[in-house]
Amino acid sequence: MGLGLLASRALRSSRILTSPNPRNTILRQIVSTPELQNPEAAQAQPESSPPDLPHRAPVAGARVHFSNPEDAIEVFVDGYPVKIPKGFTVLQACEVAGVDIPRFCYHSRLSIAGMKIKTDTPIAKKAREGVMEFLLMNHPLDCPICDQGGECDLQDQSMAFGSDRGRFTEMKRSVVDKNLGPLVKTVMTRCIQCTRCVRFASEVAGVQDLGMLGRGSGEEIGTYVEKLMTSELSGNVIDICPVGALTSKPFAFKARNWELKGTETIDVTDAVGSNIRIDSRGPEVMRILPRLNEDINEEWISDKTRFFYDGLKRQRLNDPMIRGADGRFKAVSWRDALAVVAEVIHQVKPEEIVGVAGKLSDAESMIALKDFLNRMGSNNVWCEGNGMHPNADLRSGYLLNSGISGLEKADAFLLVGTQPRVEAAMVNARIRKTVRVTEAKVGYIGPPTDLNYDHQHLGTSPLTLKEISENRHPFCSTLSNAKNPSIIVGAGIFEREDKDAIFSAIETIAKNCKAIRPDWNGLNVLLLNAAQAAALDLGLVPESKNCIESAKFLYLMGADDVSLEKLPSDAFVVYQGHHGDRGVYRANVIFPASAFTEKEGTYENTEGCAQQTLPAVPTVGDAREDWKIIRALSEVAGARLPYDTVSGVRSRMRAVAPNLLRVDEREAATFSPSLSKPESRQEISSEPFGNAVENFYMTDAITRASKIMAQCSAMLLKK
Amino acid sequence: MASVVKNALKAIRERGIGSFVRELRDEGYLYVHLLRALILLFPALECLIDKETLKCLFDGNLLQTKIHNIGATLVGVDKFGNKYYQKLGDTQYGRHRWVEYASKGRYNASQVPPEWHGWLHFITDHTGDELLMLKPKRYGAEHKENLSGEGDEYIYHSKGHSLNPGQRDWTRYRPWEPATKA
Chain L
1 MGLGLLASRA
11 LRSSRILTSP
21 NPRNTILRQI
31 VSTPELQNPE
41 AAQAQPESSP
51 PDLPHRAPVA
61 GARVHFSNPE
71 DAIEVFVDGY
81 PVKIPKGFTV
91 LQACEVAGVD
101 IPRFCYHSRL
111 SIAGMKIKTD
121 TPIAKKAREG
131 VMEFLLMNHP
141 LDCPICDQGG
151 ECDLQDQSMA
161 FGSDRGRFTE
171 MKRSVVDKNL
181 GPLVKTVMTR
191 CIQCTRCVRF
201 ASEVAGVQDL
211 GMLGRGSGEE
221 IGTYVEKLMT
231 SELSGNVIDI
241 CPVGALTSKP
251 FAFKARNWEL
261 KGTETIDVTD
271 AVGSNIRIDS
281 RGPEVMRILP
291 RLNEDINEEW
301 ISDKTRFFYD
311 GLKRQRLNDP
321 MIRGADGRFK
331 AVSWRDALAV
341 VAEVIHQVKP
351 EEIVGVAGKL
361 SDAESMIALK
371 DFLNRMGSNN
381 VWCEGNGMHP
391 NADLRSGYLL
401 NSGISGLEKA
411 DAFLLVGTQP
421 RVEAAMVNAR
431 IRKTVRVTEA
441 KVGYIGPPTD
451 LNYDHQHLGT
461 SPLTLKEISE
471 NRHPFCSTLS
481 NAKNPSIIVG
491 AGIFEREDKD
501 AIFSAIETIA
511 KNCKAIRPDW
521 NGLNVLLLNA
531 AQAAALDLGL
541 VPESKNCIES
551 AKFLYLMGAD
561 DVSLEKLPSD
571 AFVVYQGHHG
581 DRGVYRANVI
591 FPASAFTEKE
601 GTYENTEGCA
611 QQTLPAVPTV
621 GDAREDWKII
631 RALSEVAGAR
641 LPYDTVSGVR
651 SRMRAVAPNL
661 LRVDEREAAT
671 FSPSLSKPES
681 RQEISSEPFG
691 NAVENFYMTD
701 AITRASKIMA
711 QCSAMLLKK
Chain W
1 MASVVKNALK
11 AIRERGIGSF
21 VRELRDEGYL
31 YVHLLRALIL
41 LFPALECLID
51 KETLKCLFDG
61 NLLQTKIHNI
71 GATLVGVDKF
81 GNKYYQKLGD
91 TQYGRHRWVE
101 YASKGRYNAS
111 QVPPEWHGWL
121 HFITDHTGDE
131 LLMLKPKRYG
141 AEHKENLSGE
151 GDEYIYHSKG
161 HSLNPGQRDW
171 TRYRPWEPAT
181 KA
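Chain order of the listed sequences is L and W.
Just so you know, we're using UniProt numbering here: the first sequence kicks off at 1 and counts up by one.
Just so you know, we're using UniProt numbering here: the second sequence kicks off at 1 and counts up by one.
If you're looking for bench data, these hints aren't it; they were derived computationally from the structure.
None of these values were measured; they are calculated from a predicted model.
Even glycine gets a Cβ: it sits at the ideal position worked out from N, Cα and C.
One should not assume that every hint holds.
Think about it this way: if two alpha-carbon atoms lie no more than 27 Å apart in a straight line, the pair counts; the simulated DSS-like pairs of lysine-lysine are [what the hints assert, rightly or not]:
#1 L/K349 x L/K499
#2 W/K159 x L/K249
#3 L/K313 x L/K349
#4 W/K87 x L/K313
#5 W/K83 x L/K254
Example chain L residues on the side facing chain W (calculated, C-beta under 10 Å, incomplete) [as the list claims (entries may be wrong)]:
#6 R291
#7 L292
#8 R323
#9 W520
#10 G580
If we strip away everything but chain L, and leave its shape as in the complex, we get (with noise of 0.2 Å):
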């Protein structure tokens, strides 16, 4: 809480309470039961309508009196139905109901103790100020050092209702800090035991690793034994702790909160799209804090988004570079490289064209790709991780149908395929959400993983599938009787050969527990990566299913796990991108381009939402926009493109996907039940589904340059 928001808080307080008009300050008070003012009155009354409880009867005979008969309103208590006037506390409806609730301080004839509401008395004044005192008590007043310092709850509180002098002459308690890992770092000493990290490792993040030791002056937060947080989501403990006690470890000591510049913006190294807050300070990337965003990652991110930043200062390309006759790659001019690229792409045939988009590709650059590449005579142009026969043709066939909010009223989940933890830890975050508030059931097939939340694991491989879809397996029955089956299936599935197979079994799946309706679309797939959304609106998919094997020159846009071992070794590769990883070793010619942090970009969650990113810092050395390059590419080559600003590639984006120009709107994919696809002849593999992300914190080119990314890869994966 802000010190602004306190102090509006304070003054409209004050401002009620002053106000002349005395109906404000009744609504103020909490004063349930007009007749207590008044017992006899309300004696005398007779009873208007006997509370209709089969079983029970009221406690003592207690009696309501209905002053206004349209003020009543019906509670259930014990799954009793009650009638109570409005402003009934609860303790009187249970009353009522005919259940006594162990209580002292509240009693009928008396008024409800104290509840005469004031908040800027003298006295509330002091009383604040002596809650200050008492946290303050124990609490270090090590604001200069302190990474929290200027935006700390407990400061600004002290500001706003603290004393301006301590009485405090002891000796302060000390505690021993606790380590949690290569995130978080702990100055315990600074804690007031709000429990608020408990709460979240407990309730969100669904890892019973921290709890509260000690009693009295002795409370302390730990970790019981000795050993670190392993959660995905652990870095949000930083935000939610309200002092300085858990703080961000790579930060530490590296800038103040009021020297950093926000730029709102979106997280690509997976394809949840979380809101992000990217804080600058110059040209440095300083941290990445989340943003409230309630139908995508709620206020949480998770780790790999909040701690990857290190990677953007690491093996970046700054240069254009040509690898030479002797193997080794010069820096050279633009000028120079692109005349390269343009003289060889004409001396190959158009079919011998490829190109290649990345996991961290914007909208805006795939479809300057896709044109030039068409431009010069070839098609083949596709984005990693969707696959060589990606199921393009509909929408629904590659997006979270149910969005991710949506998932929260889903009843029942069958995960194929995917472990959601890794895969994308916030909508794994929601379907704990789901499975804690309505005890949803989970049904997993896939590698043994560990979810954060109860689920039954039916299987390995499709078989099982195959199995739920014709009703042959117990836990159809959970499926058919949920009123909202959700069924999620991951990204993975698309480089598998039996893809079209295992989709027509989920359909059956979906259609036998009535997955898809008018209300409800339950047949989910979980992508993998920022850019594959847009790029399947975009219609990068490839002519022929072997392109690579026959390309003679290929285009690598920032595409880094795509296998080039079966490219013929005589391929003129182009890669354009900006970090030195696994695509430049077999490049021929480097194009430096920016990275998402650095540049205005289009991307597409998985849920089928555009969002913006924005420029936070500026770009590094002689680097550009990747569709900037590709449009200087194509005039070099003699194929101008159209479009000489964003406005001009988005304009054309329009005519291919509109839904991508709708920022932060959610554009589900049209449910048309009429469109059956063709039966597919492909027969199930026993093969087993395989992990589609190994190491959740090394995902993409930027998370593998991340030192912080390797320090967690090595000491919270190790088993």
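Please arrange chain W on chain L, whose structure you already have, making use of the hints.
Chain W only, in chain L's frame:
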């Protein structure tokens, strides 16, 4: 040496030769010159007088200190070899503590380590040896004299300074280096 001569000439010009000689006698310089003349005449004498004393013969300040030391108590010697003297009684109060520097060729006040500084400057009556016990073990840095004017390699350069051998790289990103192998 040149400065000694220059100072002497200046003193003669200002106060006249008579008072200058009187002053010299008071300060014991005549003794020096006598000794020097003796050594020049009889080089065998040199082995009788130790090197240090010989060196101080050329430097008036050191010689004065040496003479001062006669009758004073040696309070302590620090780790650099500087000797700390005190003489109570017939010395002017406030000038009763002094140091004889270990280095006779090049000496200055920054050679006094912090533990002795307080004693020498009448801040405390605890000697350096006593104060050394209070020195923090973990982060107490070693004392270094001020080496200004001794050359670039001796003086402190900030971490971004081009003369700092471990100069920090201030570029905000590290470029990818192409593999050196072909």
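Comparing the hints with the structure gives:
1. This hinted pair does not check out: L/K349 and L/K499 have alpha carbons roughly 31 Å apart, beyond 27 Å.
2. Only pairs whose Cα atoms come within 27 Å are accepted, and W/K159 paired with L/K249 is accepted, the gap being roughly 23 Å.
3. Of the supplied pair hints, the one linking L/K313 and L/K349 is violated, its CA atoms being roughly 39 Å apart against a limit of 27 Å.
4. In summary, the hint linking W/K87 to L/K313 is not supported, as the alpha carbons are separated by about 64 Å, beyond the 27 Å threshold.
5. Of the pairs offered as hints, the one joining W/K83 and L/K254 is violated, with about 46 Å between alpha carbons and a cut-off of 27 Å exceeded.
6. For L/R291, the interface hint is violated, since its Cβ never comes within 10 Å of a Cβ in chain W; the closest pair sits about 25 Å apart.
7. Look at L/L292: its Cβ only gets to about 30 Å from chain W, farther than 10 Å, so that hint breaks.
8. The closest approach between the C-beta of L/R323 and any C-beta of chain W is roughly 8 Å, which is under the 10 Å cut-off, so the hint is satisfied.
9. A hinted interface residue such as L/W520 counts as satisfied when its beta carbon comes closer than 10 Å to some beta carbon of chain W; here the least separation is about 48 Å, so the hint is violated.
10. The criterion of a C-beta within 10 Å of any C-beta in chain W is met by L/G580, whose closest approach is roughly 3 Å, and the hint holds.
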